[in-house]
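> Line by line, the protein sequences give chains A and B.
So for the first sequence, the working numbering puts the first residue at 1; every next one is plus one.
So for the second sequence, the working numbering puts the first residue at 1001; every next one is plus one.
Among the clues, some could well be false.
Part of the chain B face toward chain A, derived, beta carbon under 10 Å [as the list claims (entries may be wrong)]:
id, residue
1, L1029
2, L1045
3, S1070
4, A1129
5, N1181
6, H1182
7, A1185
8, A1284
9, G1304
10, D1305
11, G1306
12, P1308
13, M1309
Some chain B residues well away from chain A (every beta-carbon gap over 12 Å; in silico) [claimed, not checked]:
id, residue
14, R1049
15, A1273
16, P1286
17, R1289
18, R1299
If you want the footprint, here are the derived chain B segments under chain A, 3+ residues with CB under 8 Å [stated by the list, open to error]:
id, region
19, 1033-1044
20, 1141-1154
21, 1167-1179
22, 1275-1282
These aren't lab readings, by the way, just hints derived from the structure by calculation.
C-beta atoms are modelled at their ideal positions from N, C-alpha and C, and glycine is treated no differently.
There are 2 protein chains.
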Amino acid sequence: MRSEFELIRRHFVHPAPGTRLSVGDDCALMTPSPGQELAVSTDVLVAGRHFFDNTDPYRLGRKSAAVNLSDIAAMGARPRWATLGITLSPAQDEPWVEAFARGFHDELQVHDTDWVGGDTTSGPVAMIAVTILGEVPPGQALLRSGARAGDDIWVSGTPGDAALGLRFLKESLPLAEEDRNHCLARLETPTPRVALGLGLRGIAHAAIDVSDGLLADLGHILEASGVGASLELARMPRSAAMLRQQALPDWPLLLLSGGDDYELCFTAAPEAAPRVQRAAAAAAVPVTRIGRVTDKGGRILYDGDGRPMDMAWQGFDHFRNA
Amino acid sequence: MRSEFELIRRHFVHPAPGTRLSVGDDCALMTPSPGQELAVSTDVLVAGRHFFDNTDPYRLGRKSAAVNLSDIAAMGARPRWATLGITLSPAQDEPWVEAFARGFHDELQVHDTDWVGGDTTSGPVAMIAVTILGEVPPGQALLRSGARAGDDIWVSGTPGDAALGLRFLKESLPLAEEDRNHCLARLETPTPRVALGLGLRGIAHAAIDVSDGLLADLGHILEASGVGASLELARMPRSAAMLRQQALPDWPLLLLSGGDDYELCFTAAPEAAPRVQRAAAAAAVPVTRIGRVTDKGGRILYDGDGRPMDMAWQGFDHFRNA
Chain A
1 MRSEFELIRR HFVHPAPGTR LSVGDDCALM TPSPGQELAV STDVLVAGRH FFDNTDPYRL
61 GRKSAAVNLS DIAAMGARPR WATLGITLSP AQDEPWVEAF ARGFHDELQV HDTDWVGGDT
121 TSGPVAMIAV TILGEVPPGQ ALLRSGARAG DDIWVSGTPG DAALGLRFLK ESLPLAEEDR
181 NHCLARLETP TPRVALGLGL RGIAHAAIDV SDGLLADLGH ILEASGVGAS LELARMPRSA
241 AMLRQQALPD WPLLLLSGGD DYELCFTAAP EAAPRVQRAA AAAAVPVTRI GRVTDKGGRI
301 LYDGDGRPMD MAWQGFDHFR NA
Chain B
1001 MRSEFELIRR HFVHPAPGTR LSVGDDCALM TPSPGQELAV STDVLVAGRH FFDNTDPYRL
1061 GRKSAAVNLS DIAAMGARPR WATLGITLSP AQDEPWVEAF ARGFHDELQV HDTDWVGGDT
1121 TSGPVAMIAV TILGEVPPGQ ALLRSGARAG DDIWVSGTPG DAALGLRFLK ESLPLAEEDR
1181 NHCLARLETP TPRVALGLGL RGIAHAAIDV SDGLLADLGH ILEASGVGAS LELARMPRSA
1241 AMLRQQALPD WPLLLLSGGD DYELCFTAAP EAAPRVQRAA AAAAVPVTRI GRVTDKGGRI
1301 LYDGDGRPMD MAWQGFDHFR NA
């Protein structure tokens, strides 16, 4: 294995226009835009837990950036800079590192985000810690706490597809090739909804990204806002792949509690619906109204016949599922 | 083990005045000071590599913050905000987490730095990834690349004490109780030289923090600045503990190549020496002139009798020593 410094120089330094100083000093130096607030998010991914050791390293690099960009998107912030702290195990050889770094860099580039620095070390298991910094005008961040009774509840994309992909990988769920490609792409290279988040500034009252499952993450909005919700299963957006799994007895669970989708769930006043649709069209992301915020604390999910369903509003909790 | 969300709420949320929003939304939101540049540093610590699993967790928490604060100090920046990404193995029970979080928080508090967010997960081995953000007026950052021929070379404190402490732990080097306490404190709770770094703005031409050994880190300054150096072993500051180890055949190696000191090594014009001394006195940190920057690329270390010593200018490299 090459030395730490050589590894960093070779793979982890990319030209970062707008950054005065990158890897190679004690710190990176950046010039913030005047009058903006800073939004910062950190995520940790561990081999064997958040990804498989045989996951394609280029895709993993992209996803490592994407899951953090998704947090920035959920605040309505514009991503600017990223740092990467990485622990490499013997399973990560130099081609792995090269492909990972390329994927990480490419995903950042898509969202005009500069990779400004980080730290590299070795250990018994691969671990990836990403911190992303974004900017948002004061008072315009999309918080979890802003939902109001009467708001529509929206979600982007088609949740649950990543969970279908995971079930294919872990339990060999039979999927047609087209569906398999779609679901694995959603699982392995999710698309952070950065443009949608920016477009929802001044429109959405509250937002979160769906990483732990739709119901669980919506639950964080409801808790932070002190409100309840009424949802309708029949309104939930489903991909062609999900529609073809209607015979699965637990497809609603995959749809509502599957993790790793990185879609945005948000609330907005009913009269803002046309503006929401225009923002979504401009960002080229489909959005769907799935329910309504209520002033009671209760959370009710109705099935297709208008009967309340018995479903735990609980998502993936890393410790609980350890 | 408690759930991830409970763990974070219980131990990882501290009031952060000046931060509008901390753990509990997709991002933390901070308000930067107008007209400053941002300095960002990331460090990763892995159990069994950078610390022992039986290291006191409170001290480890302090050190995890300190090693990053030290990078900020070496830029002459003022630390403002920190995030922590942590992977906990089964060896880290809740009392461990509580003590670690308390230590991390306490060290940040000493340097007026707010703990604004992070991520917690579990894995087979403990890993700690810290990112610290600081602020520095444009053009005033202390870079590695600013050293000029004729500059004095300075170092703070007494390097090598952490290496003595490590040798006690790993090889049972006999140390008097007083020396042992001193060296273990330097190893386990190093003091980031934040006030000194701030005081050296406008005085020092180049600076770095000594994490990989004095010669190796000074070497980074020399390389970045395209200059050489002439050092004198007899001028090197030595603690009472180091002086009592003169019988050790390799005490110069501990002094010059031991890691984990987190002192500052910097260069300044000879006529600035009184200002350097005043800045050091104001920061209550001793500083010592150990040599001079030369215009040739050569690096020479003289022994007490003025003879060049044969010593590799190489420090601790995590991969090479794996």
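> Confirm or reject each hint.
How the hints compare with the structure:
1. Satisfaction of the interface hint for L1029/B is found here, the shortest Cβ-Cβ separation to chain A being roughly 5 Å, below the 10 Å cut-off.
2. Interface hint status for L1045/B: upheld, as the beta-carbon distance to the closest one in chain A is roughly 8 Å, under 10 Å.
3. For S1070/B, the shortest C-beta to C-beta distance to chain A is roughly 8 Å, which falls under 10 Å, so the interface hint holds.
4. A least Cβ separation of about 3 Å between A1129/B and chain A falls short of the 10 Å threshold, and the interface hint therefore holds.
5. Annotation: N1181/B was flagged as interfacial toward chain A, and the flag is violated, the nearest CB pair being 29 Å apart, outside 10 Å.
6. With its C-beta approaching chain A no nearer than about 26 Å, H1182/B sits outside the 10 Å limit, and its interface hint is violated.
7. Below 10 Å, beta-carbon pairs count as interface contacts, and A1185/B has none with chain A, the closest being about 23 Å; its hint is therefore violated.
8. The criterion of a C-beta within 10 Å of any C-beta in chain A is not met by A1284/B, whose closest approach is roughly 22 Å, and the hint is violated.
9. Because the smallest distance between the Cβ of G1304/B and any Cβ of chain A comes to about 32 Å, over 10 Å, the interface hint for this residue is violated.
10. Nearest Cβ of chain A to the Cβ of D1305/B: about 34 Å, over the 10 Å cut. The hint is violated.
11. Interface hint status for G1306/B: violated, as the beta-carbon distance to the closest one in chain A is roughly 33 Å, over 10 Å.
12. Evaluation of the P1308/B hint against chain A yields a violated restraint, the C-beta minimum of about 26 Å exceeding 10 Å.
13. A cut of 10 Å between beta carbons decides the hint on M1309/B: the least distance to chain A is about 24 Å, and the hint is violated.
14. The claim that R1049/B lies off the interface is violated: its Cβ sits roughly 6 Å from the closest Cβ of chain A, which falls inside the 12 Å cut-off.
15. The beta carbon of A1273/B sits about 23 Å from the closest Cβ of chain A, which is more than 12 Å, so the claim that it is off the interface holds.
16. Every C-beta of chain A lies more than 12 Å from that of P1286/B, the closest at about 21 Å, which supports listing it as non-interface.
17. With a least CB separation of 22 Å from chain A, R1289/B remains clear of the 12 Å interface cut-off, as annotated.
18. Residue placement check: R1299/B keeps its beta carbon more than 12 Å from all beta carbons of chain A (closest about 17 Å).
19. Requiring three or more residues with a Cβ within less than 8 Å of a Cβ of chain A, the coverage given for the region 1033-1044 of chain B holds, as 11 such residues are present.
20. Closer than 8 Å: that is the beta-carbon criterion, and the region 1141-1154 of chain B has 4 residues meeting it against chain A, so the requirement of 3 holds.
21. Coverage of the region 1167-1179 of chain B by chain A is violated [criterion: at least 3 residues with CB-CB distance below 8 Å; count 0].
22. Under a criterion of three residues with beta carbons nearer than 8 Å to beta carbons of chain A, the stated coverage of the region 1275-1282 of chain B fails, only 0 such residues being counted.
Consistency note: the structure conflicts with the earlier hints numbered 5, 6, 7, 8, 9, 10, 11, 12, 13, 14, 21, 22.
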